[in-house]
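Following the hints, put chain B in place on chain A, whose structure we already have.
Each chain is listed here by its residues.
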Amino acid sequence: MMFILIVFLPGIAALIAGLYGRLLGDRPAQLITSFAVTLSAILSIVAFFQITGTDEVERIQVLHWISSGGLDFSWAILVDPLTAVMFVVVNGVSALVHWYSIGYMSHDPHKPRFFAYLSLFTFAMLMLVSADNFVQLFFGWEGVGLASYLLIGFWFDKPAANAAAIKAFLVNRIGDFGFALGIMAIFLVFNSVDYATVFEKAPDVAGTSIGFLGMELDTLTVITFLLFIGAMGKSAQIFLHTWLPDAMEGPTPVSALIHAATMVTAGVFLVARTSPLFELAPITLGFVTVVGAVTALFAGTVALAQNDIKRVIAYSTCSQLGYMFFAAGLSAYSVAIFHLFTHAFFKALLFLGAGSVIHAMSDEQDMRRMGGLFSLMPLTGTMMWIGSISLAGIGISGVFGFSGFYSKDLILEVAWASDAFGANLAYWVGLAVALLTALYSGRLLFMTFHGKARASQSAMAHAHEAPLSMNIPNMVLTLGAVLAGIFAVHGFTESEEFWGDSLFMLEESVAILEAAHHLPFWVKMIPVLAGLLGLLLAWYFYIRRPDLPAKIAEANRPLYQFLLNKWYFDEIYEALLVRPMKLLGYALWRIGDGRIIDGFGPDGFAALVMGLARRSAALQSGFLYHYAFAMLIGVAVLVSWFLFFG
Amino acid sequence: MPQAPVPDILPALPEIWLAVAAMLLLMVGAFRGNASTRMVSWLAVVAVAIAFVLVLSGSKETGTTFAGMFVVDSFSTFAKELILVGTAATLVMSMDYIRREGMERFEFPVLILLATIGMMMMVSANDLISLYVGIELQSLALYVIAAFKRDTLKSTEAGLKYFVLGALSSGMLLYGASLIYGFTGSTNFEAIGALYTQAGQEPSIGLIVGLVFLISGLAFKVSAVPFHMWTPDVYEGASTPATAFFAIAPKVAAMTLLVRVLIAPFFGAVDDWQQIITLIAILSMGYGAFAALRQANIKRLMAYSSIGHMGFALVGLAAGTEQGVQSVLIYLLIYLVMNIGAFAAILTMRVKGQMVEGIDDLAGLGRNNPMLALVLAILFFSLAGIPPLAGFFGKFYVFLAAIDAQLYTLAVLGVLSSVVGAYYYLRIIKVMYFDEPAESFERPIGREMTLILGASTLFTAFFVVFPGPFLAWTQQAAAALLP
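From first to last, the protein sequence lines stand for chains A and B.
In this text, residue positions in the first sequence follow the working numbering: the first is 1, and each later residue adds one.
In this text, residue positions in the second sequence follow the working numbering: the first is 1001, and each later residue adds one.
Note that these hints are calculated values from the structure, not bench results.
Fair warning: there could be bad hints in the mix.
Unchecked claim - To spell it out: a stretch of chain A is covered by chain B in this simulated footprint if at least three of its residues, at any positions, have a beta carbon under 8 Å from a beta carbon of chain B; those stretches are: (1) 1-9; (2) 601-615; (3) 633-643.
Heads up, the beta-carbon is just placed ideally off N, CA and C, and yes, glycines get one too.
Just chain A, with the same shape it has in the complex:
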């Protein structure tokens, strides 16, 4: 019952707020959704302690969903430790974002709709993580995609928001296409889409091959590769990442919930969930590692040059997702999920803090027109600092560290200890990105909160600390950003029984994870040093010598432009894909549809019919003798018909 409530409370709240929001009014719609999700979050924590660390797996049949030939599966809620962790992340962040949004959206005229979407998203995300088969997973997958689309385009009168929403949808379509193909391949190979059956049979399938696109390939490699394409789309990995920065056109709480803490991590969750398949497909794992590492580096460099506060955080998210993926690629699924868990706290905090800043600055998002805000909003400033330090992974091994320290260090340690394909690359890239992370985080903090105020007098006079309703959720998240790591690190990554049977690792992978815990102190401290160095550099560039960044940018103009323009991904896609497709579409529309189909079809027929009509009507001349003639001809024709053919 509890699990059913966890999943369906947000769904019911979304229905009520969505369908009856106008009737209920703003305040009831907000309270219904917020309380529903909060209740769900509290229950999630209860479920977390009940499920993790035991072998207990709850499977609750909701309904027998589809039965068609060999395709037969139910709608069921599966709660194992992995799901329980995701429940806490999703519902926890969602509840806080709901409460935060009450303050943040106080000037918006469409509040019930916003809250209905938020709850709808939560419901879909819960569906995704509690699925017990691939089709249900796909349902949730598409559900969060829809909610993301709706929320990015929430301000429908903003053209940029609409464009971003469509872009997110389209780019995700590419990933989802791969994902759907993967599910079909699974059904083809295993004749089932239930996790239990598929995972049980996976070892038997390992080593067999399957015909795909005319090539004979390893079955599990194909399947996991296709699934990973889906994960890349949803989790904004390189090549399919272009939608995430644009998604920042949506309201900031949406960015915090969907585009930082929960939805974009669905790809990581997918890889962890299907670890029994990935574990047996080393080629795909290598690919995952490389993609993760490249994404981490790419996004980290781009984040350095962005001026929009939300975009910096968005690229940071992209980069951190890269971390999670290369951890998963190195078979350290528990570490990947651990980073997902801690990341949810500090990244949601950073977004909500940025939201408070934007709110305070009357919707100004450009950091070049901020600065010196710390004295005006000390609480937000402090919390942003804590979030950033957590993100930068500062701490002392064995003593205390912020949340990010534990998860990020562990990822790098795994990379150090592993000798799997790409592990070396991952380690060095990871280390470099740790520096970059601290650098851009510091840059964000210094440009926003310190130094000279660059905003106009009136804007500064207007700036104020966020209201309590927005700060309380941030405080909770701050607490998480500080403490989540130290409290969870043992359970998530060291305990034998924490995950039960929900994650699958081969013997050697377990050994690597084990080895990663027993590295010398100096190895564990290298990333921290990189982080500190990054923060120091940021301080030097943006406080001590604020003239320096411009000079460096001027000196390395091509590089700066390259980063500022996000490695020109959008431009390349525009030229290579969007424009040719638009041309093709235009041609098909004008020539194919307009001239050929309409010309010979509806329009042509209509013209023909009208012509016939004109001629038929013209027969009616009004002359009596014409009429009599017609009658006589008629008789003559009929009689001759019988005389000659009858």
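Chain B only, in chain A's frame:
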């Protein structure tokens, strides 16, 4: 065969009653002048109602009288009931109109009564002679009714055209009848039919030619292509109640007569006449659909509409089966009701004391008079054959009969022309609901009109709920006709 000195007049009682009533009303009118027109009209309605009761209460058995020239059976009973309903509705609809338009002369209802007697004789005809007499009685009255608005050029032109072409068609009919008599030696339907079944051989070509001429003459009356040419001009030129009358009762009479002539005496020649009927059915459906597309005058449009509808009814006849005959009768029933409603609506199109007939005048009716627009929309959707309205079922049954008789081409062409035809009905609905409003029509439209419109719309809309009794009724009528 021993002949009773005085023929049995009971089977013809309704006709005799109407004839007497018509004479009496003529007397009333002659003595009390045109001021009595309204009263004469109402009395005519009463006379029609009494005739209706007489028809209903008549013998259910098939019986002939007047030396076998006059037959009464379920088929003729059904047809007469339709005709009488149509007549009564026309009389009621016309009263206000003829007063407003200054053509309030007592002859109008009397002429309608006389035409009705002719039609009833047509459907009871059991002999080529009585067939001709019935047709001429009907036609002569109709010629006058067409030209009744004698002070307008259009009306007199309509009457004259109808008269001249009608005479031509009568000539064809008579010529055909004489050929048939010449080749069979009888004018009686039963005798001709018996010859066919006895001989059991191919009919002679002379008989076929006679049949072609006979069909041509009757096709003129149902305005089937290519004998339809009079229809648009006469519909447009005649006064609107006259047009309504033309479109309603005589069509039913002529079509049932055609069915009887082809089924009763010539059932043996079904393979021959099936070709003719199929051809004129296709031509009528097609022409009715295409020629109407560009019409701007609603009466002219209704003329093409009736040409098309007669084509659809002929599809059922072309099947040449009991099911086919039944489908024709259902079609006629539904056609009658829809047209009564449509013409009642057209008769309410009055702006500032002037009747208007343009389709454009209906613009914005949906806003000006939503109730009337709704009624018209239902009727026109039904005429177009949109389910679940009655018009759909009319078409459904005739196409079903055609398919059962393996006339696939005919059925497909019928459906296609029904698609084309749907355009002009839908265009009217579009004009009513989506165009900028024109001048609104005068209101109120009168209690009688409301009643007629309401009743016909309800029937059209809810036929789907209670088709049972009508199906049973037409089934019985069709069974009476087939040997």
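Here is how each hint holds up against the structure:
no., hint, result
1, 1-9, "violated (count 0)"
2, 601-615, "holds (count 5)"
3, 633-643, "holds (count 8)"
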